[in-house]
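Spelled out from the first residue to the last, the chains are:
Protein chains: 2
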Amino acid sequence: MRNLLLTISYRGTNYHGFQVQNNAITVSQVLQSAIEKILDHKIELKGCSRTDTGVHANRYCLNFKTNKSILCLNLVRALNTILPSDIVAKSCQEVDLGFHARYSCKKKEYIYKIWNSEIPSPFLIDLVYNYKYKIDEKILDKQAKSFIGTYDFKSFCNFKKGKSLEDTVRTIYNCGVERQEENLVIFKVCGDGFLYNMVRIMVGTLIFIQEKKIKQDSILDIIKNKDRSLAGKTAPARGLYLNNIFY
Amino acid sequence: MRNLLLTISYRGTNYHGFQVQNNAITVSQVLQSAIEKILDHKIELKGCSRTDTGVHANRYCLNFKTNKSILCLNLVRALNTILPSDIVAKSCQEVDLGFHARYSCKKKEYIYKIWNSEIPSPFLIDLVYNYKYKIDEKILDKQAKSFIGTYDFKSFCNFKKGKSLEDTVRTIYNCGVERQEENLVIFKVCGDGFLYNMVRIMVGTLIFIQEKKIKQDSILDIIKNKDRSLAGKTAPARGLYLNNIFY
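Chains A and B, in that order, give the protein sequences.
Reading the first sequence from the start, the letters are residues 18 to 264 in this note's numbering.
Reading the second sequence from the start, the letters are residues 18 to 264 in this note's numbering.
Chain A extracted, bound-state conformation (with noise of 0.2 Å):
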């Protein structure tokens, strides 16, 4: 038996999430359809992660185990033959029989793209957040290092119909917001996990900031009031990419 780690990017625009759900087509059930058809046997399939209808990925990690001796490099061929243009599979390997994609990966990186200006830009719809009042990226920088520490991030998590609150104590390693084109402005986040929608809500407060509607140095505050109702707005799915997965 063998456990394969395999690494994709997706456009997130025309999915509903990576994870399986009955009745929307998703990240998971395409790409299970693509290998299942090359193996010509059924796989059970381990995404690293849940991520929203319409969230990106840069970089997305899943396992499978097969019994098929197919080459690492001739499978990524294979699935990039059959698998509609916004899924790309990017690299495989053999790993330990123990791996899982999601219980073995240690830290998470999203990034959030803002496109900072009035006039949109007609080839990133979907793929960024339109944001035409102009942010100072040095002073939501400053305010992002906030949230860098172990903390319980109950404000920066949304309720989710249907689930029971988890544990919500979370570490983020490191955070901050640059500007890296005249436009384009990016928030980059690393943790050891997210809890539902907080890279989002994160960015969101920082809007917040921006517009004065959430006073500058009071992330601490929101953070240790543990009241969603502080922070700042959800931000909209499509800025969303997760960036890298670390094991």
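I should point out that these hints are in silico values taken from the structure, not numbers from a laboratory.
Watch out, some of these pointers could steer you wrong.
Each pair may be met inside one copy or between any two copies, as identical chains are not told apart.
[To be verified] Derived SDA-like pairs (lysine to any residue); straight-line CA-CA distance at most 25 Å:
#1 Lys-107 x Phe-140
#2 Lys-177 x Phe-140
#3 Lys-54 x Pro-137
#4 Lys-149 x Asn-133
#5 Lys-149 x Gln-110
#6 Lys-130 x Glu-199
Chain B: place on chain A using the hints.
Same frame as chain A, now just chain B:
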């Protein structure tokens, strides 16, 4: 009477080029309807250039006349509320009555984007030409310099049904190839005008040089022979962008 110069940007994927056609949706038609809706009278749009199906524009200029007193900035904003998201109005200014977006144009700049990796990008579908074999951009840059000058570029022009052969002499002011990111190779060319498919044939010829189907240092010979069959293939439309227009 006012003559307004409008600058737009568009993703060409969903359009049959810029110019009005009888049986297909073009950028020009969509834009004209939008402007007429705002101004509440018929207009005659003069575009700076024809572009082919699937070709994009970072900066495209056009002009039209109106008696309405609408502020330029307000016209831009109004357009961006009613245009589809793949066409964006960038700016507008009042110009001399004699100004014509096409005939007043002094120079045009095109870029051609090549995604140079075996692994395509799910975010750049229809926005780049995927080419998987490693490109030597330094060699191609040196080869591209041969295009600079005033020549009869008949070898770099496809025959267009129903069009008689026009004057095929053009001046190329600048031309080059560079690797902009790890996987992104950019061909850039600036000239006084371009023949039908000329930029795409220039790119296709450089690709043929990369593939040793055409010998290095033979571009000048191909130009002198005025024979289309000696040049390379026509590179796909989706990598091509009208990048700038100089008046």
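So which hints don't hold here, by number, going up? 2
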